[in-house]
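Note that the protein sequences, when read in sequence, are chains A and B. Count the first sequence with our numbering and you get residues 1 to 332, in order. Count the second sequence with our numbering and you get residues 1 to 411, in order.
The reader is advised that the hints may include incorrect statements.
Unchecked claim - Below, a list of computed lysine-lysine pairs in the DSS-like style, where the Cα atoms sit at most 27 Å apart:
#	chain 1	residue 1	chain 2	residue 2
1	B	LYS86	A	LYS68
2	A	LYS68	B	LYS94
3	B	LYS81	B	LYS337
4	B	LYS286	A	LYS267
5	B	LYS367	A	LYS267
6	B	LYS367	B	LYS286
7	B	LYS177	B	LYS94
8	B	LYS236	A	LYS267
9	A	LYS68	B	LYS177
Hints are computed from structural coordinates only; laboratory data are not their basis.
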Amino acid sequence: MSLSTDVSLTNSGPGKPGATQEESQSPAQPSPRNNRRSRQRRERLFQWLFLVPAVIYMALFFGYPVVKNVVMSFQDYTTATFFTGEAPWVGLANYATVLSSSLFSTSLINTALFTIGSIVGQFVVGLALAIFFQRKFPLNGILRSLLLLPWLLPLIVSSAVWRWILDKDSGALNRFLGQLHIVDTGIPWLTSTSLALIAVVGVNIWIGIPFNLTILYGGLQEIPDELYEAGSLDGATGWKAFRHITWPMLRPVVSVVLVLGVVYTLKVLDIILGLTNGGPANSTQTIATQSYALSFQEFKFGEGAALGNVLVIISLVFAVLYLRASRRSVDE
Amino acid sequence: MKSAIRTRRPLALAVAALVGLPLAISGCGTNASASSSEDVKEISVMDYYNNEPDKSFIGDALTACGTKAGVTIKRETVPGKSLISKVLQQSSSKTLPDVLMLDNPDLQQIAATGALAPLSDFNISTADFAPGVLSAGTYKDKVYGLAPTVNTIALFYNKDILAKAGVTPPTTWDELKATATKLTSGEQYGLAFNANPTYEGTWQFLPVMWSNGGDEKNIDTPETAQALQLWTDLVKDGSVSSSALNWTQADVKDQFMAGKAAMMVNGPWQIPALDKNTALHYGVVKIPVRDASQTEIAPLGGEVWTVPQTGNKARQAKAAEIVACMNSDENQMSMAKARNTIPSKTSLAAKFASENPKLATFTDLIKTARARTGELGEGWPAQATKIYTAIQTALTGKASPADALKQAQGQ
């Protein structure tokens, strides 16, 4: 947008030095007005040419998969389709099957609980740590970079490690609790229908803390010290300083962190697959894992795509919120 | 004006390039298969034996078969989990290999797409193969794939632990429950199996379900409910850890090796790992049946070799030679021995069992083993999902075995 306004501004001007020269050199040519229009057209053309690589990239790597996924969700897309290319149109049948399945409400509730639980946990712990690291103390930098580790580990590795930690019989967590005599029998973290979702949320919080910590810490650094100094003169210290200075100043960053966090969390797949595979008895089944199972385990690609689109629409709501939030923060 | 023409040229170029690009890409695809018949020098092969020692065993057998057929083998190994997605990609871009290995429950799924050639087109003999092996390789009355060696699951038991407790390996469900309870103490469970929410959980349940007369077409039957009741009882009375809900077969083996399970349900592919621990003395028996009069029906595992429809008759003929050679008697015997699997020809069973006593139980089971896709074909994945869902529902106590099966079947 900004590019086109820039160019049109220069074009509407009385003419650049180079342009006037060219005009004077060709007196027999049509009127200068005509000439200017052709130059305008040329410039416009170049604008489009500069856009071409980006447009091609977007169309190929974003547009095509999205369109393909939408089309697929209206087709009876099976393994045979890959070989024959035939995918009969079935209208809304895939959506009807998926939405009326008894598993859909379970997955939807689990997705909501998983997302809310993860976001609240990540944000609260991340913010607390960010505020903590605001203080100056030895090893601050090293500790902060160590906290980034969960973010750097491949998700499959972390879920394998956590699967071992949370094991009922020989897991490290139950051993630890047993040593402290807090529990006497192993807690079935990943194999009890009431605990599995909590355990999975816990692991996802652990993975999400670095992201929240980093962004919120950055936001805190932006708040000028003078505000706190002035505040302390007026008696605003501790909780009051946080309530009346930190929180209002941090609001734009907070909204970005939360909305991005929601969009990332909604589509979490590998952690759940690695930890429980959706079990026990579907108690950690989310829309993302269910869509994966439909497409790649049962080969019902149409239904998998339909469920995937439901997830896309949910994410889209939050993406729009994010765009509005970020526009507001730019305005501010 | 001059300048306007000058600018138009790059545009024309860009348009030409854009239009040309897809043409060039699609051109690459067609050229390869068009080069035709007479002299086939190289055969491409894809399989999922990407880990040693299987990688070399299979690779050596392929190379030998290639030499015999007068071609060189260009082999690609991919991880087991990505094989099917790779095959689907290749079938849509028409770049399937000349010889393709598939896990047997996937064969009908792929054969149904039309991507495979029936082996009868190449006069490959299917005589002597165990009925289960043939039904796994058959789609709509035509054989599309043959497995040189196959496997199944049985009951492994720790000889030392059983001897110390003064019990013998169980043969019926009642004995299994009693023995497992007796062998459970402290950190040691009587039995370990895997009941996770994947096809592996279904696979481990099939022996008790099938042997008791259960059937995958309809799982809402008293026979299947009895089988699921057994699994539920074993977990409920604590002789199997509830971690079984999340274990893989490899986890089950680890529990057994660590002495944390006195018995386990597992397959012969674990034997090399078990043999590494020389202090571990184990035996293998059939998985118990409810009534001593029942015969055990085990599920058939193993990989089949197929000839994809590549559209090049000469190459397909050579590929068929390779598939036939991989399934020859000598190769079946040597591969079975090396890989701890069972030859799929029944005529080889007696000789093999006497030469490899460790695998005798498994060899015996293969004669009556059943293929997972034998009845339902492409419908198997959906039904297998229902089975493991029911197992998980019953084992977590969310519903009684009968109700769990009813719910799952109705889904």
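Checked hints:
1. B:LYS86 with A:LYS68: Distance ~19 Å between B:LYS86 and A:LYS68 Cα, so the pair holds.
2. A:LYS68 with B:LYS94: Given that 27 Å is the threshold and the Cα spacing comes to 20 Å, the pair holds.
3. B:LYS81 with B:LYS337: holds, 26 Å
4. B:LYS286 with A:LYS267: violated, 44 Å
5. B:LYS367 with A:LYS267: Given that 27 Å is the threshold and the Cα spacing comes to 46 Å, the pair is violated.
6. B:LYS367 with B:LYS286: Given that 27 Å is the threshold and the Cα spacing comes to 13 Å, the pair holds.
7. B:LYS177 with B:LYS94: Answer violated: B:LYS177 to B:LYS94 is near 53 Å, above 27 Å.
8. B:LYS236 with A:LYS267: Given that 27 Å is the threshold and the Cα spacing comes to 35 Å, the pair is violated.
9. A:LYS68 with B:LYS177: It is violated: about 53 Å lies between the C-alpha atoms, which goes past 27 Å.
Violated hints, listed in ascending order, are 4, 5, 7, 8, 9; each of the other numbered hints is respected by the structure.
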